[in-house]
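Number of protein chains: 2
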Amino acid sequence: MLLVSPVDEMISQRLADELAKVEDCFASELKSSLDCVNTLVSHVERYRGKRLRPLLVLVAAMAVSPDGQTLTKGHRVLATVVEMIHMATLVHDDILDEAQVRRGGQTVNSLRGNETAVMLGDYLISHSYHLCSSLGSQELAGLIASTTNVVCEGELLQLANRENWDLDEKTYFDIIDRKTASLCGVCGRVAALLHGCDLILQDAMDTYGRKLGQAFQIVDDLLDLTGSQATVGKTLGRDLQKGKLTLPLIHCRQVADDATRKTLLELLQAHTTEGTTPTLEQGIAIHDLLAKTQSVAYATRRAEQLINEAREALSNIPDSSARQLLMEMASAVLIRQS
Amino acid sequence: MLLVSPVDEMISQRLADELAKVEDCFASELKSSLDCVNTLVSHVERYRGKRLRPLLVLVAAMAVSPDGQTLTKGHRVLATVVEMIHMATLVHDDILDEAQVRRGGQTVNSLRGNETAVMLGDYLISHSYHLCSSLGSQELAGLIASTTNVVCEGELLQLANRENWDLDEKTYFDIIDRKTASLCGVCGRVAALLHGCDLILQDAMDTYGRKLGQAFQIVDDLLDLTGSQATVGKTLGRDLQKGKLTLPLIHCRQVADDATRKTLLELLQAHTTEGTTPTLEQGIAIHDLLAKTQSVAYATRRAEQLINEAREALSNIPDSSARQLLMEMASAVLIRQS
Chain A
1 MLLVSPVDEM ISQRLADELA KVEDCFASEL KSSLDCVNTL VSHVERYRGK
51 RLRPLLVLVA AMAVSPDGQT LTKGHRVLAT VVEMIHMATL VHDDILDEAQ
101 VRRGGQTVNS LRGNETAVML GDYLISHSYH LCSSLGSQEL AGLIASTTNV
151 VCEGELLQLA NRENWDLDEK TYFDIIDRKT ASLCGVCGRV AALLHGCDLI
201 LQDAMDTYGR KLGQAFQIVD DLLDLTGSQA TVGKTLGRDL QKGKLTLPLI
251 HCRQVADDAT RKTLLELLQA HTTEGTTPTL EQGIAIHDLL AKTQSVAYAT
301 RRAEQLINEA REALSNIPDS SARQLLMEMA SAVLIRQS
Chain B
1 MLLVSPVDEM ISQRLADELA KVEDCFASEL KSSLDCVNTL VSHVERYRGK
51 RLRPLLVLVA AMAVSPDGQT LTKGHRVLAT VVEMIHMATL VHDDILDEAQ
101 VRRGGQTVNS LRGNETAVML GDYLISHSYH LCSSLGSQEL AGLIASTTNV
151 VCEGELLQLA NRENWDLDEK TYFDIIDRKT ASLCGVCGRV AALLHGCDLI
201 LQDAMDTYGR KLGQAFQIVD DLLDLTGSQA TVGKTLGRDL QKGKLTLPLI
251 HCRQVADDAT RKTLLELLQA HTTEGTTPTL EQGIAIHDLL AKTQSVAYAT
301 RRAEQLINEA REALSNIPDS SARQLLMEMA SAVLIRQS
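Protein chains in written order, with the working numbering: chain A, 1 to 338; chain B, 1 to 338.
Looking at chain A on its own, in the form it has when it is part of the complex (with noise of 0.2 Å):
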């Protein structure tokens, strides 16, 4: 379970009884009738966390209901439905964590291997395109397997980019916009879409979701180069041990001179050779290039703009408590320290 921010807990306050139904409906769609998958569908637990995707289709649906208050059971569904898709790649991101999780002597059988979350994050995203076929919208369908169709793209952009120490602005928003951002703007489409709201409003709630999500994974990569990792509560410094570059590193390399460029590139190679996360010293080392460069604060103020246009997106629906919320929402994702 990870740490959340007061607003979130207060946002998750507010949703509670939706939440709750969200739950039941994802632990019904994935109750089997075999033992040995109950068990590891309870290991799931363990991932939820902010529960922003759902959030994002429960609250965006009300914002865009004609009373400003009203949820539908098919919202429920697809709050659903992006939550497993959302669990599904978690376990599948975290499969080679797992095998360093070994290594640390950690939670060994937590998920009993490899072979089994890969299995596991199938059972997820096959279940959670069952759950949405019963939604019986061809368009639904067909957006929801599109955008997971970019997640994965987005995936495998970011890993064709390991180690890829001139990785550019451009190509990191294109990852982060496709692996993060398209399931996050689909979340405010869909809400939309289910209402029977025109596609001004529908791509409205899309672009809402899409900055947000933007935002979120840059703050995201900032807490694993900056967070205290009490607070964020999982290991930091991975993005460094697997090679990937995130914005502030990316703006260092691009304005630093070339002493401190040359000084920064060592450093990041040294991680990536060894497969190890920074000691501390090291951790120091590449902090201080980044204040040289004052990349945190650049990234923090990418982060900002994108949240700015993510309310802006929101300026053509009507006031409601549920509006507000999207506002708090995407506010929150700036002061989130977990």
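Hint data in this document are derived by calculation from the structure and do not stem from the laboratory. Just so it is clear, CB atoms sit at the ideal spot from N, CA and C, and this is done for glycine as well. Warning: the hint list may mix true and false statements.
As the list claims (entries may be wrong) - Derived lysine-lysine pairs resembling DSBU-like cross-links, with alpha carbons at most 35 Å apart:
1. B:K31 <-> A:K242
2. B:K170 <-> A:K31
3. A:K292 <-> A:K242
4. A:K73 <-> A:K21
5. B:K242 <-> A:K242
6. B:K170 <-> B:K31
7. B:K262 <-> B:K170
8. B:K262 <-> B:K242
9. B:K31 <-> B:K73
10. B:K292 <-> A:K31
11. A:K31 <-> A:K21
12. A:K170 <-> A:K21
13. A:K292 <-> A:K262
14. A:K73 <-> A:K170
15. B:K31 <-> A:K170
Unchecked claim - Listing some non-contacts, in silico: residues in chain A with all C-beta distances to chain B over 12 Å:
16. Q69
17. E169
18. L199
19. D203
20. L223
21. A259
22. L289
23. D319
24. E328
Given chain A's structure and the hints, the job is docking chain B onto it.
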């Protein structure tokens, strides 16, 4: 590319035009705007083997059509969907094998490591549902997704029974029915459904595919144990290495005397403890035990029974050359050497 038996070869030739259309549909669905993705997809071509599942859809569709030879565009789409699902399972099944192959120094970069294989499999799964959603049928989408739910359950049940030397026949059949036969069964069912056939005919075609799929898996397991590596075209003895008990071994353990059972158990445990494929000597020792209890003959007989049941399921289908092909496809399962 797996080696293909003369019967498979003949069937593929008869359906060559249709299979070419399925290949076009496959390639066009997977086409990405990202070069790195297209490169990976082209690697998947090496998994293309007998194309059993698309053939099941195509030939079953012809056999149940009023004139015994009609196929619709939707059938070609479904044939592509089931092949894409099958490819995804191959890519994901291959994940631990990949690691082994890397250790052996062969084809290291063929799929660029486990993580990429996971994401590429996900890309295939996602596109299979995306393609399926293009048919605009809630019933078909639901059937395909509930089948993949069951396939994943079968894989998870198999993983949960690794190194379970007490695995019984009932659980073995439950595993192969879910992981292999369910997809083959749905091939027949969707072929009939898309032609608007009644439930009786849908059930008959499901039974045909399902029994054929069970027999296919028994033969596949037999080949892993007794086949010639040069003919089968892949590393053999993997099931033993992975602690997977298959039908001949289950039978041998059931009927053997105490001394034979003890020897068998020791041989089985040796492989999984060491994580190796059998040496020639160990292989011969296992085959000697299986010969003593006539367990290969027993498994072959079970496969033959299932093929008879598959053929019987066609008894109410009017005679046509497509029906004749289904009969031959069933027989081909028993005589395949790869």
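Of the hints given before, which are not true for this structure?
6, 10, 12, 14
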